[in-house]
Amino acid sequence: MEIVKTENLVKIYQDNGVPVEALKMINLSVSKGEYVVIAGPSGSGKTTLLNLLGALDKPTKGKIYFEGEDITLKEKSDLAKIRLHKLGFIFQAYNLIPVLSAIENIEFSMMLLGIPEKERKEKALSLMDELGIKELADKRPNEMSGGQQQRVAVTRAIVNNPSLVLADEPTANLDSVTAGHLLDLMERMNAEKNITFIFSSHDRQVIDRAKRLIILKDGLIES
Amino acid sequence: MLLKLAWRNTWRNKRRSIITLAAIVFATVMAIAMRGIQLGTYTLNIRSVVELFSGYLQIQDKRFLDNPSLASSFVVDKNITGALKTTKGALAYAPRIYADGLISFKDNSRGVAIFGVEPEREKDVTTFIKNINSGRFFISDSSNQIVVGEQLLKNLDANIGDEIVLLAQCYDGTLGNQKYKVVGTVKLGVQELESSVIFMGLKSAQSLLSMGSRVSVVAVKTNGLTHLAEINRSLSAKIENANLNVLSWNKINPELEQAIQLDNVSGILFLGILIVIVAFGILNTVLMSVVERFREFGVVLAIGMPQLSLTYLVYIETFIITVIGLIVGNILGCIANYYLIVYPITFGGEIKKLYEIYHFLPQLKSTLNPSIFISVSFLILIISVLSCLYPAYKVYKLEALKGIRHT
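Protein sequence lines, in the order shown, are assigned to chains X and D. Each residue of the first sequence is one higher than the last, beginning at 1 in the numbering used here. Each residue of the second sequence is one higher than the last, beginning at 1001 in the numbering used here.
Derived from the structure by calculation, the hints contain no laboratory data. Remember, it's a predicted structure, so these values are computed and weren't measured experimentally. All C-beta atoms in this analysis are idealised placements derived from N, C-alpha and C, irrespective of residue type, glycine included. Worth double-checking, as some hints may not be accurate.
Stated by the list, open to error - Interface residues of chain D toward chain X, partial, derived using beta-carbon atoms under 10 Å: (1) TRP1007; (2) TRP1011; (3) GLY1212; (4) VAL1299; (5) MET1305; (6) GLN1307; (7) LEU1361.
So here's chain D without its partners, still in its complex pose (with noise of 0.2 Å):
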């Protein structure tokens, strides 16, 4: 019967009522939306960040994070290849050297950083080799073919079809040095990159360095993000090599992540103000339909009801409201969400010139992911259970006579 009684309590003032589930559905659909914007254009930038140059995962060496130099290299042996194959979710892989040099043309030099690469592995598991600007990309086999970065082409005052000197420590120790044909220059959207780096055959490089069969990093390409953490997990497990970690995307990209984290802040912030404001909401509308009833309130305490009951009938009307409005509200923001997913917001002008610099996709994405609707709703119901605290606790120290008496 307490519920009976608090389900007509709550729409006896029809319209107040619809206004408060308005506002528990407009900040229900905006808070999901809004998370499902941000969570959804994460994702999307992840991907595009990783499956430009880094990968989703990459092994390494273990002193490869702090100190990437070639001392930190190893081979890619048997048993990192059997793992790599028969890791679920593992797609594709893509060994690499890194390491730095000195380029020359003519009386032009400057610091370089070489990446050693297999175009053919790379075409799997990264896109960068897409962003060749002018010319081509070299093939796997060929030796002696460089692409470089646009800027640094010009910064030589070189270009493509010349020959290059390239001077770089080995492996051993030693010097190495070499002539190479630019055959083509890429476009990486950052002018410091774009300004340094140069893109090799792998076995060149490693002809280069010294290195013999060793690399410096092995690229992974995976089934997304999702399941990354289970297929780190499950990759490590396999590989024998206690030298080497398996890492994911934000350990290699911490950059990323950080900047990721940040603008998180800032939505969780909105998110909080948004909430706040429905809090006060709710206590006012709580808060009047209490005051209005005390007369009434005052009559059942007469009557014998207990202070908690009568506690527990103002709890159930807010909670009813509170759910209805979540309920419609998910429902409705179940719907934005998909229809961001289906026909993403793309930006044009100045926007995706800005976007593509960093390699992000000039969208804003949405996601159906249930930690959303999930986390939204509970907080949406605590926030409603904290701002009905008032006037329960009104409700609770009421008094019979002076309900009966309050006009």
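Pulled out of the complex, with its shape left as it was, chain X reads as follows (with noise of 0.2 Å):
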């Protein structure tokens, strides 16, 4: 079953007046299940493929399919409700809320969506002792190191059985070892749970545990 589906993809961002062409005319297609990397150099398009794959951007041209549906022309409030529902967001520097625990982290989404305390308390402790992270419950995003920090990350974006998770860079702070326990963990969600993940990287342990690689090359899909 097809995630999500770009057609003739093109981003054109203004630089002080000047026109600069981000991605080119990009089709791809992602399937339910799949572990894709989208790997390039730096100012290849990565992350603005993958802003306007997580619907935060909209694209100057094409369109962009998300479970069949085009999303291009939909509404900043339709979008939210796309992001808050079907996916989830894995960031480079963790951006856990910091005044909140790591369960409250979790919760949060789940505060959004509407599900009751007592609910949403069990599933997240649930998941955090699925992924071994139970012991971090009650700690404030200052009190973990950036490989726990980036573990509650992934919890809060899988909490709510997205469609897709979005990550950008999820290992370029972590450390390899750290780095590897997280992609790990990711592995084992995208096996056990069938999450579909894409991912912006360049660091060379997530290209090569890809299961699926594209590469980008100056807002092109060279491979």
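Need the complex rebuilt from these two chains, each delivered in its own frame; the hints are there to steer you.
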């Protein structure tokens, strides 16, 4: 089943009035359960593509279909609903809410879905237990290491059973051992829960473990 | 959870929150204390002035206010005395005559305002009898005795004990004249009044002016200003004579009310300036706290938080600080006002003399009137909501991606 598909996707930025073509006619399709890595040098358009696939940005031209539905012309509020219900995000800088504990960060997106407190606490604890981070439940982000924070971020991204998880350079701030553990975790989620992952990365370790590799160069898919 | 998040965000930058809190507390205390002193002193001054002479209420003929002549006099019948005795809150009353006349002593003549009063009743209603400067006040039954303004006695070149002649147009249009003995002088502070006022017994005045048992007004003392409107309504309802009006102090002394209104406007203006300064303080804090969290806001928007919920969050944070500030400010304001009730600021020297000229007590006293606390709190709450509009708008317009990229 096709989760996301792009048709002739173009993204042009204005950089001090000068148009910069970040993506040029990208045609891409990702199916349910895939584990995709978009790789390429800095400035190749990886993050731009990920942002478009994650309904965080709108293309200049072309179309994006999410689960068969064209989301290109959708309103801001509709895109927010899609992100909340269907997508999970993992950022390079973890981006946990600093005033909330690990479990509260995980509960946050469930709270936005209107899940009752008791239910979301049980679900968050159960998932944390499954991913081996239950002992971090009451810790705030500043009390955790980078690797621990990123594990919490992964848990937050998958807790609502999203159709697709987008991870933008998730290992960039981690040492290779911690990065390896994190990739193990995500591979496990992909294998056990059939969660679709799309990464953007130029980390060799991430690229080597990709089940499908897309190389971007100068805004074009090279392979 | 939104509330929990807002609460924790509020204390995230403790120093900034405490400074904002201090600004709100300061504004609340200042506003409450200032308004307390203003309104408390107004009450004090009103009481001081109306208790000196006019009374809290007056029963008058409907024409009297515009045309204070003897033709607008009336008889205090049983219905009126009954109404005064049975109206709750009406403590005492004193019938009076107001008339114009000409006073002569040897070769000196002066136009005068004649007040016919009953000292025994006036003692329970007003305080002007205590303002006797030299000599004594006459007693009700004594005829042919008068008390005059101190300056008037000087202008006439007369002394206490001298006999003067008073000439006035009577109720029936004829001219009445009579000799009177000056038994005392009063000092009323206002030079104009002191040079033109004479007090005489009510019966003497009725006799001089051929008024029978008619009077010009009945001054009424009530149990204060708080329930005045209610007492006025109740008394008016009981008086059957349709030609009579019950007027409150502000109708009898419109210049006093206008002076208070003018002073009140300046007080409100100062209050407005204070609150606008605080509003900018709140705006600055909220804007700073919002802009420095753009990245975080971008992330929660990316996760799928609705834009409106994020805007609510900013409002809840402002609301928390404002409400805490208002609670602390109200408690401190209450203490400050209570202190100024127990220990009012009392003036001496020139200021005291100035106050006494207008028959104001030379004091600044506060009040615990709940309306001050409610209106100040409401105003600051509204101002904090308004000053939060711009930061909230910025949050509402924030795009997830721009937020995430914000540095």
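Structure-based check of each hint:
1. TRP1007: With a minimum Cβ separation of about 9 Å from chain X (threshold 10 Å), the hint on TRP1007(D) holds.
2. TRP1011: holds, 8 Å
3. GLY1212: violated, 85 Å
4. VAL1299: holds, 4 Å
5. MET1305: holds, 5 Å
6. GLN1307: holds, 7 Å
7. LEU1361: With a closest approach of 55 Å, the LEU1361(D) hint is violated.
Hint check: violations occur at hints 3, 7; the rest are consistent with the structure.
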